Amino acid sequence: MASIAAEDLTALTDSLHRLLQDKCTEADVRRTMETAEGYDPALWGQLAEMGVVGIAIDEAYGGVGAGPVELERVMEEAGAALLCSPLLSSILAGALVQALGDEGTKSRLLPQVANGSRLATVALTGPRGGWTAASVSATASASGDAWTLRGKAAFVTHGQIADVILVVANAPDGLAVFEVEPGAAGLTIKPLPTFDHTLRLADLAFAATPARRLAASRPVWDAVEEALDLVRVALAGEQAGGAKRALEFTVDYAKTRAQFGRLIGSFQAIKHMAADLLMESESAISAARAAARSLADGAPDAKAAVSLAAFACADAFSTITATAIQMHGGIAFTWAHPAHLYLRRARADAQLFGTPAAYRERYLEALGA
Amino acid sequence: MADGNAVTDTALREEVRAWLAANWKPLPRPQPGPGGAGWTVSPEHKAWLEQVVDARWAVPRWPTDWYGRGLSDAQGRIVEREFAAIGAPGTGQDRTNLWANTALAYASPTFKAKIVPALLKSQVGMCLLYSEPGAGSDLAGIRTRADRQGDHFVVNGQKVWTSGAATADFGMLIARTDWDVPKHRGISFFFCPMKQPGVEVRPLRQITNESHFNEVFLTDAIVPEENLLGPLGAGWGVLQTALAYERSVMGEGARGPRSGVAEATNEEPLIALAREAGVLGDPLIRQEIAKAIAYKKLNALNNARAKADLKQGASSSIMSLGKLAMSRILHEEARVRTQILGAGSLLEGPDHPRAEDANFLTLNAYFTSIGGGTDQIQRNIIGERVLGLPKEPEVDRDVPFRQVRGNT
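Chains as they are written, first to last, in my numbering: chain A, 982 to 1350; chain B, 947 to 1354.
Keep in mind the hints are simulated off the structure, nothing from the lab. Note that the structure is predicted; figures quoted are calculated from it, not measured. Ideal Cβ positions, reconstructed from N, Cα and C, are used throughout, including at glycine. Incorrect hints may appear among the rest.
[Claimed, not checked] Below, computed lysine-lysine pairings styled on DSS-like, alpha-carbon distance capped at 27 Å:
| id | chain 1 | residue 1 | chain 2 | residue 2 |
| --- | --- | --- | --- | --- |
| 1 | A | 1284 | B | 1237 |
| 2 | B | 1242 | A | 1284 |
| 3 | A | 1284 | B | 1253 |
| 4 | B | 1242 | B | 1257 |
[As the list claims (entries may be wrong)] The following label-pair restraints were derived from C-beta to C-beta distances:
| id | chain 1 | residue 1 | chain 2 | residue 2 | range |
| --- | --- | --- | --- | --- | --- |
| 5 | A | 995 | B | 1009 | 43 to 49 Å |
| 6 | B | 1289 | A | 1188 | 53 to 59 Å |
| 7 | A | 1002 | B | 1126 | 53 to 59 Å |
| 8 | A | 987 | B | 1020 | 56 to 62 Å |
| 9 | A | 1162 | B | 1331 | 55 to 61 Å |
| 10 | A | 1236 | B | 993 | 45 to 51 Å |
[Stated by the list, open to error] Per the computed footprint, the stretches of chain A lying under chain B, defined by three or more beta-carbons under 8 Å from a beta-carbon of chain B, are:
| id | stretch |
| --- | --- |
| 11 | 1028-1036 |
| 12 | 1333-1343 |
Taking the hints into account, I'd like the entire structure generated from these sequences.
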């Protein structure tokens, strides 16, 4: 896969870091997460301009033409800042269009996804989650050249704000990807209340909904898996970045909070928790970056590396954010403290696109067991 | 270096190569020592070391007055690479010989002249007399005493976890010489002669039913005054130097299964074991296997990232995590092996090699989680030195040691 020069990547992550420090403060996150759309269109525009939205889209279609390595680093920054945005959805949709490999679809859809002017998402899994081929529950049927969809797609990320909805459905000849207009007849988009307020999810119901079948130059599920692997690496980066930030503010608190006439960080009960969390945090970063590298290189162990990162980063983010609340004590039991925002994000990230247990199973399969 | 006599890298490389070509003859394979503990140094090996020392290749970074060539570290590496390329031992001792480096830095002139060449040539055996039954994690709390009597010290006390004590000629000893100052300031550092009536070595039977370590009982043992390293009462500082050398050369102490029964394939040992035991299809076992393998893999990825960071000149906080990580890896692997075997782990003995492995690893994992600093001490170090958390207040820090509470 493609990549950009190391110094360009550093420049990109530096300017992203500054942008998020300025425009994605805790107050910004709290304000944005309570809006209906769940993202800040002005900030989204700046992210698109910077190349973050189209980072993994080929240059020929208006993207940056970078790959998993760059995407992962960018997501570490986004995760640390708890960015509220449809970035993961756009990355998944863009990757799926690229993986399907049809020139017409790419030139029609990718430029506007890359420049952020159209939000895109992929509706894949059924009501039980899973994000596997078996969990696809929507069906497609044809009458002449005209396709219609029936059934449901669940947990569609940013489904309520997407301009481009790609639906994976069971067609008579196997799995296929369909494009559905948000205002199409027979389409019901039901926004879901989410435990993580920084996330937007919707259930989609199709009642003979007209859809455009996207051409594929390869088996469709292979393309979906390729796109999912890219978004898994992105998610791992988000988790690693979020975990690192949560540990940082927890350690800072332990250096300023005094009880019994001592800073609480001097108590071994706290210190030992922090040391264990550092191990989790560093391991998450190593796993996310190694997975990105393997995927970029098309290494034979890429499936194992991505699976490892997927469960290691999910578990690390969950453990660190959960323990962070305990280490803070009462202050983090309040809504006003940011610790719970990170815990909510960690719990959401640990379910999206697959669960840690499923990734452990996939990891063993990749190791030949 | 702006030294007028500095040798170029190329000339140095050629000189080492030529010398090795003229002198190196492969040595017989090293033999395990009695009882499988340690390795004996063969006469051929000793003869080779003598040649290496005399030709000034043993410690090329040391000063020319002391068997060295005053080379830079980078040039020292050139010498080491040439030796390593043909498998010849003996060089790089300026980096790796804990005993010789400690003696060179701190021994008295008369003792240094005797001991340093003997150490470089492996003519004397050594052991460490640091830990005591009452001073483990809190090493500065030692209660072995050394009292001056005329031109020597008389040592009384007990040391533990000493490997190689039965064959050693000297032990690097820390003992208390002043009881009226705080604990770190009353300690002195000695080369204690081991072959004397006042030194009794008893093998220690470990929980694994092996004996790699000894207890050493010191009863009116005599240490000549010239064997004192550094000033009286400054032993803690000497110890820090010695420990730094020890850490820099200590490989990972962890050992794998000891059954000697080869696992059938190249796959991950836990997967192979579960396959053999017929439980690889058990989803609960599979989850546990994946977690255990992941701990190992994540540690490898962390180490690789730390090395890459170091190459780019950035110091890495990850290095300090390695020992704690290894301890978790070993305990987890042992736990999952036991889970895979189930009731099979009840057994032991040569007819039950898999049970032997699981049970041995279960117990031997403590070698890593206790030895060389317990996991709890490691977490203190990570918390304080890496994360910058404040130190625990030390109640015995500024108190004369005589008043410090001991084990009763």
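Consistency of the hints with the structure:
{"no.": "1", "hint": "A/1284 <-> B/1237", "result": "holds, 16 Å"}
{"no.": "2", "hint": "B/1242 <-> A/1284", "result": "holds, 18 Å"}
{"no.": "3", "hint": "A/1284 <-> B/1253", "result": "holds, 24 Å"}
{"no.": "4", "hint": "B/1242 <-> B/1257", "result": "holds, 23 Å"}
{"no.": "5", "hint": "A/995 <-> B/1009: 43 to 49 Å", "result": "holds, 47 Å"}
{"no.": "6", "hint": "B/1289 <-> A/1188: 53 to 59 Å", "result": "holds, 57 Å"}
{"no.": "7", "hint": "A/1002 <-> B/1126: 53 to 59 Å", "result": "holds, 56 Å"}
{"no.": "8", "hint": "A/987 <-> B/1020: 56 to 62 Å", "result": "violated, 26 Å"}
{"no.": "9", "hint": "A/1162 <-> B/1331: 55 to 61 Å", "result": "holds, 59 Å"}
{"no.": "10", "hint": "A/1236 <-> B/993: 45 to 51 Å", "result": "violated, 58 Å"}
{"no.": "11", "hint": "1028-1036", "result": "violated (count 0)"}
{"no.": "12", "hint": "1333-1343", "result": "holds (count 3)"}
This entry does not satisfy hints 8, 10 and 11, going by the numbered hints stated previously.
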